[in-house]
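Kindly produce the complete structure, drawing on both the sequences and the hints.
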Amino acid sequence: MEKLKVQIIEQLNLEDMEPSDIENEEPLFGDGLGLDSIDALELIVLLEKEYGIKVEDPKEGKKIFESVKTLAEYIESRKN
Amino acid sequence: MDIYINGLGNISPQNTISSDNFLTDINEVNEKYMQVVQPVYKEYISPKALRRMSKIVRMGVVSAQIAMKEAGIDMPDAINTGTGMGCQADTEKFLKSMLDNNESMLNPSAFIQSTHNTIGGSIALGLGCNNYNMAYVHRTFSYESALLDSMMLIEEGQGNNILVGGFDEITEESYQIRARINLFKNSACNNLNVLNDNQPGALAGEGAVFSVVSNDKTENSYCKIKGIDMFFNPDNQEEIDTRINDFISRYNLSANDIDLVIVGKNGDKEYDVIYDNVCNAVFPESDIAIYKNLCGEFDTSSAFAVWAGSNIIKRQDIPEVMQHSKKRDGKIRNILIYNQHRNVNHSVILLSEC
Chain A
207 MEKLKVQIIE
217 QLNLEDMEPS
227 DIENEEPLFG
237 DGLGLDSIDA
247 LELIVLLEKE
257 YGIKVEDPKE
267 GKKIFESVKT
277 LAEYIESRKN
Chain Z
12 MDIYINGLGN
22 ISPQNTISSD
32 NFLTDINEVN
42 EKYMQVVQPV
52 YKEYISPKAL
62 RRMSKIVRMG
72 VVSAQIAMKE
82 AGIDMPDAIN
92 TGTGMGCQAD
102 TEKFLKSMLD
112 NNESMLNPSA
122 FIQSTHNTIG
132 GSIALGLGCN
142 NYNMAYVHRT
152 FSYESALLDS
162 MMLIEEGQGN
172 NILVGGFDEI
182 TEESYQIRAR
192 INLFKNSACN
202 NLNVLNDNQP
212 GALAGEGAVF
222 SVVSNDKTEN
232 SYCKIKGIDM
242 FFNPDNQEEI
252 DTRINDFISR
262 YNLSANDIDL
272 VIVGKNGDKE
282 YDVIYDNVCN
292 AVFPESDIAI
302 YKNLCGEFDT
312 SSAFAVWAGS
322 NIIKRQDIPE
332 VMQHSKKRDG
342 KIRNILIYNQ
352 HRNVNHSVIL
362 LSEC
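Residue numbers (my numbering), protein chains in the order written: chain A, 207 to 286; chain Z, 12 to 365.
Rather than coming from a laboratory, the hints here were simulated on the basis of the structure.
Keep in mind that the hints are not guaranteed to be accurate.
Said to hold, decoys possible - No more than 20 Å apart at the CA atoms, straight line, and that leaves these computed lysine to any residue pairs for SDA-like:
1. Z:Lys59 / A:Leu241
2. Z:Lys59 / A:Met223
3. Z:Lys53 / A:Leu241
4. A:Lys255 / Z:Ile192
5. A:Lys255 / Z:Met109
6. A:Lys260 / Z:Ser108
7. Z:Lys53 / A:Glu216
8. A:Lys285 / A:Glu208
9. Z:Lys104 / A:Glu216
10. Z:Lys43 / Z:Ile192
11. Z:Lys59 / A:Asn219
12. Z:Lys107 / A:Met223
13. Z:Lys59 / A:Gln213
14. A:Lys255 / Z:Glu281
15. Z:Lys53 / A:Leu239
16. Z:Lys107 / A:Glu256
17. Z:Lys59 / A:Glu256
18. A:Lys255 / A:Gly267
19. A:Lys255 / Z:Met116
20. A:Lys255 / Z:Leu110
As the list claims (entries may be wrong) - Covered stretches of chain A (chain Z as the covering partner; in silico rule of three or more C-beta atoms under 8 Å from a C-beta of chain Z):
21. 217-226
22. 231-240
Here the structure is a predicted model, which is why all the values come from computation and not from measurement.
All residues carry an ideal CB built from backbone N, CA and C; glycine is no exception.
Laid out in structure tokens, this is it:
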């Protein structure tokens with residue numbers, strides 16, 4: 207999960223943020239980290255580039271990108 | 012109609028962010044190219060907006076904010092921008108990503124931010140400004156075109172306070188490409204001694220200058236912008252001289268009425284001679300000043316000259332570092348800015364006291 211947080215910070219250029227600043231279950235979009243639609247595209251690229259995972263169904267996105275925890279769980283499930 | 016410069020913001024290789032001092036603390040560099048002194052951007056832009064902005068976007072947005080604050084306006088009637096090369100760093104990032112990833116898995120941010128109108132768009136988004144917004148990309152006519160459009164909007168009654176800016180950034184890659192063909196100097200050069208440097212090409216630079224132009228004179232007004240002219244590929248020196256003389260006479264002035272000529276000499280001896288010829292033939296009695304020893308050469312560097320000329324008229328002071336030849340002691344009423352790029356794009360801008 208820590209590695210994923212580092213990758214998110216790097217990919218989204220979240221200046222001055224440390225992995226410890228992102229709670230595992232904190233919402234990534236909206237009130238939580240405050241990411242937007244361009245960030246969602248960046249996260250899709252991150253998944254493909256770093257983990258070889260393609261998000262095929264756009265409807266899945268909302269659930270996958272809910273938090274770092276859901277994202278990590280999704281990566282694990284696709285690995286298996 | 013009189014058009015005034017009511018606010019200015021300048022991010023340059025010099026300490027120009029604050030208007031308290033005017034070129035009193037000069038940065039001397041011995042580098043291949045000059046880079047801007049970057050402000051603490053967080054003091055101007057929210058961290059959320061800042062994280063996606065590359066250097067040139069930050070430079071543009073902040074210099075626009077400074078100009079608007081000085082002019083005392085919250086919302087411009089139009090935003091006109093000029094840039095020769097646009098967002099080079101983001102363009103390079105995107106192209107490199109295409110190569111590295113075999114044209115797949117491309118990051119959207121760099122692509123979205125790589126367009127020439129990114130700065131104008133970012134300023135408008137930040138302000139919530141839905142007014143006229145235009146980006147001009149005409150190499151070394153870019154800033155002049157944006158300024159001309161702004162003046163025309165005011166003259167046609169389509170706006171009263173127009174935000175107009177010129178900006179370009181230098182990157183290592185773009186420098187290398189242009190140095191290879193001798194557009195820029197290949198080795199380090201002292202900016203304050205640039206006119207004596209014997210390497211071919213110009214000393215490269217970068218910067219962002221925004222101004223608020225208006226038909227209202229205020230307590231903050233720097234000067235009037237009387238006019239602009241651009242001409243392309245003149246046949247000979249005589250044509251340049253005639254064109255500049257004709258331009259001045261359009262405003263019922265003679266060459267002798269021009270107290271100061273600010274020329275774009277950049278250390279490229281092959282083309283600097285054109286400025287000398289114009290100064291000797293047309294302006295033998297005027298003071299001559301230079302400015303590219305302060306900001307380097309870039310496509311919209313004439314915006315820096317407008318910033319400098321406006322301050323000179325307002326403060327009635329030609330900074331020592333700009334003085335090239337001094338012949339007069341009287342009041343500085345009219346300044347002509349003359350810039351040319353390798354004898355292809357020539358532009359003149361006339362500033363007058365207000």
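Each hint tested on the structure:
1. Taking the CA atoms of lysine 59 of chain Z and leucine 241 of chain A, the gap is about 9 Å. The hint holds against a cut of 20 Å.
2. At most 20 Å may separate the alpha-carbon atoms for a hinted pair to count; lysine 59 of chain Z and methionine 223 of chain A meet this at roughly 12 Å.
3. Straight-line distance between C-alpha atoms of lysine 53 of chain Z and leucine 241 of chain A comes to about 19 Å, which keeps the hinted pair within the 20 Å bound.
4. Taking the CA atoms of lysine 255 of chain A and isoleucine 192 of chain Z, the gap is near 37 Å; set against the 20 Å cutoff, the hint is violated.
5. For the suggested pair lysine 255 of chain A and methionine 109 of chain Z, the alpha carbons sit about 13 Å apart, so the restraint of at most 20 Å is met.
6. Note on lysine 260 of chain A and serine 108 of chain Z: the hinted pairing holds, with a Cα-Cα distance of about 18 Å set against a maximum of 20 Å.
7. For the hint linking lysine 53 of chain Z to glutamate 216 of chain A, the alpha-carbon distance of about 19 Å falls within 20 Å, and the restraint holds.
8. Between lysine 285 of chain A and glutamate 208 of chain A the CA atoms are separated by roughly 18 Å; this keeps the pair inside 20 Å, and the hint holds.
9. Our distance criterion of 20 Å between C-alpha atoms is met by lysine 104 of chain Z and glutamate 216 of chain A, whose separation comes to about 15 Å.
10. The hinted pair formed by lysine 43 of chain Z and isoleucine 192 of chain Z meets the criterion: a straight-line CA distance of about 14 Å does not exceed 20 Å.
11. This hinted pair checks out: lysine 59 of chain Z and asparagine 219 of chain A have alpha carbons roughly 10 Å apart, not beyond 20 Å.
12. For the hint linking lysine 107 of chain Z to methionine 223 of chain A, the alpha-carbon distance of about 26 Å lies beyond 20 Å, and the restraint is violated.
13. A C-alpha spacing of about 18 Å is found between lysine 59 of chain Z and glutamine 213 of chain A, which places the hinted pair at or below 20 Å, so the restraint holds.
14. Proximity of lysine 255 of chain A to glutamate 281 of chain Z is assessed by CA-CA distance (about 49 Å); at most 20 Å being required, the pair is judged violated.
15. For the hint linking lysine 53 of chain Z to leucine 239 of chain A, the alpha-carbon distance of about 18 Å falls within 20 Å, and the restraint holds.
16. Among the hinted pairs, lysine 107 of chain Z with glutamate 256 of chain A is consistent with the structure: their alpha-carbon atoms are about 18 Å apart, no more than 20 Å.
17. For the given pair, lysine 59 of chain Z sits about 25 Å from glutamate 256 of chain A by alpha-carbon distance, which is inconsistent with the 20 Å threshold.
18. A threshold of 20 Å between alpha carbons decides the hint, and for lysine 255 of chain A with glycine 267 of chain A the separation of about 17 Å falls inside it, so the pair holds.
19. Proximity of lysine 255 of chain A to methionine 116 of chain Z is assessed by CA-CA distance (about 7 Å); at most 20 Å being required, the pair is judged to hold.
20. Restraint check for lysine 255 of chain A and leucine 110 of chain Z: satisfied, since their Cα atoms lie roughly 14 Å apart, inside the 20 Å limit.
21. Look at the region 217-226 of chain A against chain Z: 6 of its residues bring a Cβ nearer than 8 Å to a Cβ of that chain, three or more, so the hint holds.
22. For a cut-off of 8 Å, the count of residues in the region 231-240 of chain A with a CB near a CB of chain Z stands at 1, and the three-residue condition is violated.
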